[in-house]
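Kindly generate the complete structure, drawing on both the sequences and the hints.
Protein chains in written order, with my numbering: chain S, 1 to 457; chain H, 1001 to 1407.
Honestly, I wouldn't trust all of these hints.
To be verified - So these bits of chain H aren't anywhere near chain S, every CB distance computed over 12 Å:
| id | residue |
| --- | --- |
| 1 | T1004 |
| 2 | A1060 |
| 3 | F1091 |
| 4 | K1116 |
| 5 | H1180 |
| 6 | G1238 |
| 7 | M1255 |
| 8 | E1288 |
| 9 | C1319 |
| 10 | K1325 |
| 11 | E1333 |
| 12 | I1372 |
| 13 | D1374 |
| 14 | K1379 |
Claimed, not checked - Here are the simulated DSSO-like pairs of lysine-lysine, each with C-alpha atoms no more than 27 Å apart in a straight line:
| id | chain 1 | residue 1 | chain 2 | residue 2 |
| --- | --- | --- | --- | --- |
| 15 | H | K1186 | S | K32 |
| 16 | H | K1186 | S | K81 |
| 17 | S | K163 | H | K1177 |
| 18 | H | K1186 | S | K70 |
| 19 | S | K59 | H | K1186 |
| 20 | S | K131 | H | K1359 |
| 21 | S | K78 | S | K59 |
| 22 | S | K28 | S | K81 |
| 23 | S | K125 | H | K1355 |
| 24 | S | K59 | S | K70 |
| 25 | S | K125 | H | K1325 |
| 26 | S | K78 | H | K1184 |
| 27 | S | K125 | H | K1359 |
These are computed hints drawn from the structure, not numbers from a lab.
None of the values given here were measured: they were computed from a predicted structure.
Virtual Cβ for every residue (Gly too), placed ideally from N, Cα, C.
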Amino acid sequence: MNQNIEIIVDGQTYEAEENSLLIDLLIKHEIKVPYFCYHESLGADGNCRMCMVEIVGQKRPQIACDTLIKPGMEVHSKGEKIDTVRTNILELELINHPVDCPTCDQAGECSLQDFYMDYGLHTSKINVQEKVTHAKHVDLGANVMLDQERCVLCARCTRFTDKITHSHELGIIGRGDDARVSTMPGRPLSNPYAMNVVDLCPVGALTSKDFRFHQRVWFLKSAEAICQGCSTGCNIYIDHNKPKYRDDTVYRFRPRRNDAVNGFFICDDGRLSYKALEENRQRQTLLEGQEIETDAACSHLKALVQQHQGNITVIIDANLYTEEITALLVYAETIKAEVTAPLEFYNDANFEDDLLKSAQCAANYQSVLDLNLSTQAPDKKGLIINFNYPEQFHADTVVSFNTHQGAQASLIFPIASYSENSGTLTNKDGLEQFSKKAVTKNSPSPTILEWLERLKQ
Amino acid sequence: MMRTCQIVSQKFAIEDAHTLSIAQEHGAYDTLAKCQEFTPLEMIQIIKESGLRGKGGGGAPAGAKWALMPQDSEQSSVLVVNCDESEPGTFKDRQIITKDPHLLIEGILLTCYAIKAQDAYVYIRGEYFQFQKVLQRAIDEAEEAGFLKNINITLHRGAGAYICGEKSALLESLEGKRGHPRLKPKQPEPEWYFGQPTLVNNVETIASVPFIIQNGAEAYRAFGTEKSPGTLLFAMSGHVQNPGVYEAEFGVSMMDYINHYGGGIKNGKALKAVIPGGASTGVITAKEAEEVTLDYEALRSMGSALGTGGMIVMDESTCMVSVLKNLLEFYHEESCGQCTPCREGTGWANTLLGKILNKRGSSADINQLLEIADTMNGKTICVFAPAVSSVIVSFLTGFRDEFEVMV
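Rendered as structure tokens:
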């Protein structure tokens, strides 16, 4: 077991594990160090040479990503000498870069741009005509587009397919400044986690076909949320924006680091599940297909409850937040209804893999199990009040609270989706996680809790 | 006076010495019996005492490298012979594998005995197709004659990348991956081939082993200097009367060597410059060449390096800007592209020099070349970029006026 020791960085003492990587310490303590190729999930590769630091006693600057912390080590992470080295290497990094930031989707979240502002700010010494040119629009497959000219050859993407997915689709071909990322002919990028290479790419070489050219990233606001694709509960950012004259819209999901759950990544199914959020939304309150006032709808439901006393089933969807499920249990008790939370629809053994995907395809699956709710199909056929469970059941009267269209019910209430609402979810390992509200629509649908308040009146 | 030494080249002049029968007539494989007198550790000790230095260019002590090999490892050890001779100006290893391949095989067997290896790979330059056939035939002959009962020798052809001569890139290539140099280990340790401890040595280093085992460390030390003992297959190309490979001991004067074996400069012209040990060593001027001796220390003190001992001799008619351009084109083509300074620096330097050569450059471009060289020096995984850097700097130090008149 390695001991904790003290080292000095820029005159300050830090505690670190002996033989751990210096760059990890710098990152942890937010000591500014530029780097492209290092990534905590992929380890050191040492090819970009940007993370140069000065180590007292060593003749030459060393890369922090390949330096092990030793007792008594003294490091200078800044200063004229180091800044010059970084500036010179960055200049080489940019020498064949097309500098097409105005049309590049990465602009605003690009390491190359950031480092240029920190260490560059030089005028280009090479004519545009003299730059090495490569392919600018390569469709790698799996929604990933490659611009070989923008690439800094950090090899994060190729190492991802080698070390994480073990699918080996990406490689670097060619030597010297002719080197470029590529796939083999007839073997496109195709694995369930492929789009993570877009996040890994520090520059605009790999962009998402799904997201590119839809929004400038500096307009996006991010909410810390939980993916609802399955019960793994991957942490995500919901990136959304309300462009002028338009409604607040989700543009993409991005993985949010949580070492206890998903590490740095999410699956492509989860990443693209934001699309279904916006499509076919239930926005109107409907009685037998006709729009009615919400007050009238509430009165109608109350009357139905009176009418079917003792013959009511409340169906709870396993994607609802724990707060909502708890409130619904109280509501069901008030109206003396039976409660069931069917799970059958959410079991999908084909979805499961040994990375992140779980066979339990509902976000709060574990809560339903923890609360010992019945998961049987409803047996009372008087009144069914279905809170967003996607399967349809037959009864004398069906009332449905839905985020999306498609329910067969005589009375339908629209509810807020998870991106428009916040709450707690319990993942398959029993970890409780809070998902924050991201989107505020121009005319928002009430949440379940809000509807229940109204039904009390 | 030049002393004749034939440690590696003893059978070069004998006709058909590449065949087993002729080679055996002249003593091939005699040391196999002799080495049984020693334990593996004693063998390593002999090599250490002989002061044998790696002959692939670096000149690191071979014995120390051998001593890193574990003697009681669960994983069996591997010997890899580096025959990826791609350094411009260097053509000594091919003499060994075509003229006396059994010497190499004998050396491999002795080395494998010392490091307890059962598998040996010879990584041979892809372009050496004809020479590879000779070596393969010799391996087959040795196999038939029963010399390879305990050891498998596999010949592996490279695919033409210069960088695969760097030992860790060579191992990556041998493992079937892209030839990219590996990050250096933090403490002295052997190389690794598929997780097996591995020794990588140059052809000539291994071919020197039989002599040392046969005659002892002192006999080897009788040649050369204190710090650079033994001999090297020095080679000459360029503007000399008799270009070729001639074995000589370390420490002889460069001019003596060029005059004695090379017959002096071609057509009676004056010497202008020498690239002393393969393209990656800094060029030295005629004046420096007059003073220098052929050993690691003397050339290092001149800011150059002995490298592989493959001298490129240039007479007074040579345009040094064109020579550098030629070299930079090579480096631009051959940089593996892993580290940023090398990947982008070689290309940019080549472009800049192209401008200068076409009389479209400025003195700022010359300074820029030096700046690029500075960024390339000591900031990469392997020594490719520092070598290019030293080449650029040496040309601009020794012959700056030739560059100045072009801008």
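Outcome of the hint check:
1. With a least beta-carbon separation of about 42 Å from chain S, T1004 of chain H lies farther than 12 Å from that chain, consistent with its non-interface assignment.
2. Annotated as non-interface, A1060 of chain H keeps its C-beta farther than 12 Å from every C-beta of chain S; the closest such distance is 19 Å.
3. Once the 12 Å rule is applied to beta carbons, F1091 of chain H is consistent with being away from chain S; the minimum gap is 23 Å.
4. Separation of K1116 of chain H from chain S is adequate, the least Cβ-Cβ distance of about 30 Å exceeding the 12 Å criterion.
5. Against the 12 Å criterion, H1180 of chain H falls within the reach of chain S, whose nearest CB is about 8 Å from its own CB.
6. Even its closest Cβ contact with chain S, about 26 Å, leaves G1238 of chain H beyond 12 Å, as expected for a residue assigned away from the interface.
7. No beta-carbon of chain S is positioned within 12 Å of the beta-carbon of M1255 of chain H; the least distance is around 34 Å.
8. No beta-carbon of chain S comes within 12 Å of the beta-carbon of E1288 of chain H; the shortest separation is about 25 Å.
9. For C1319 of chain H, the shortest C-beta to C-beta distance to chain S comes to about 23 Å, beyond the 12 Å cut-off, and the non-interface label holds.
10. At roughly 16 Å, the least C-beta separation between K1325 of chain H and chain S is larger than 12 Å, which holds for a residue marked as non-interface.
11. Under the 12 Å C-beta cut-off, the non-interface status given to E1333 of chain H relative to chain S is violated; the minimum distance is some 7 Å.
12. The Cβ of I1372 of chain H sits about 8 Å from the closest Cβ of chain S, inside the 12 Å cut-off, so the non-interface label is violated.
13. With a least beta-carbon separation of about 7 Å from chain S, D1374 of chain H fails to lie farther than 12 Å from that chain, contradicting its non-interface assignment.
14. The beta carbon of K1379 of chain H sits about 5 Å from the closest Cβ of chain S, which is not more than 12 Å, so the claim that it is off the interface is violated.
15. At roughly 25 Å between alpha-carbon atoms, K1186 of chain H and K32 of chain S fall within 27 Å of each other, so this suggested pair holds.
16. As the CA atoms of K1186 of chain H and K81 of chain S are separated by approximately 24 Å, the hinted pair is consistent with the 27 Å bound.
17. Straight-line distance between C-alpha atoms of K163 of chain S and K1177 of chain H comes to about 14 Å, which keeps the hinted pair within the 27 Å bound.
18. Of the pairs offered as hints, the one joining K1186 of chain H and K70 of chain S holds, with about 11 Å between alpha carbons and a cut-off of 27 Å not exceeded.
19. For the proposed pair K59 of chain S and K1186 of chain H, the alpha carbon gap of about 16 Å is at most 27 Å, so the pair holds.
20. Proximity of K131 of chain S to K1359 of chain H is assessed by CA-CA distance (about 20 Å); at most 27 Å being required, the pair is judged to hold.
21. The suggested pairing of K78 of chain S with K59 of chain S holds, with an alpha-carbon distance near 16 Å, which does not exceed 27 Å.
22. Using a Cα cut-off of 27 Å, the hinted pair K28 of chain S and K81 of chain S holds, with the two alpha carbons roughly 24 Å apart.
23. With a CA separation close to 13 Å, the supplied pair K125 of chain S and K1355 of chain H stays within the 27 Å bound.
24. Distance check on the hinted pair: K59 of chain S and K70 of chain S sit about 17 Å apart at the alpha-carbon level, within 27 Å; holds.
25. For the suggested pair K125 of chain S and K1325 of chain H, the alpha carbons sit about 20 Å apart, so the restraint of at most 27 Å is met.
26. Using a Cα cut-off of 27 Å, the hinted pair K78 of chain S and K1184 of chain H holds, with the two alpha carbons roughly 25 Å apart.
27. As the CA atoms of K125 of chain S and K1359 of chain H are separated by approximately 18 Å, the hinted pair is consistent with the 27 Å bound.
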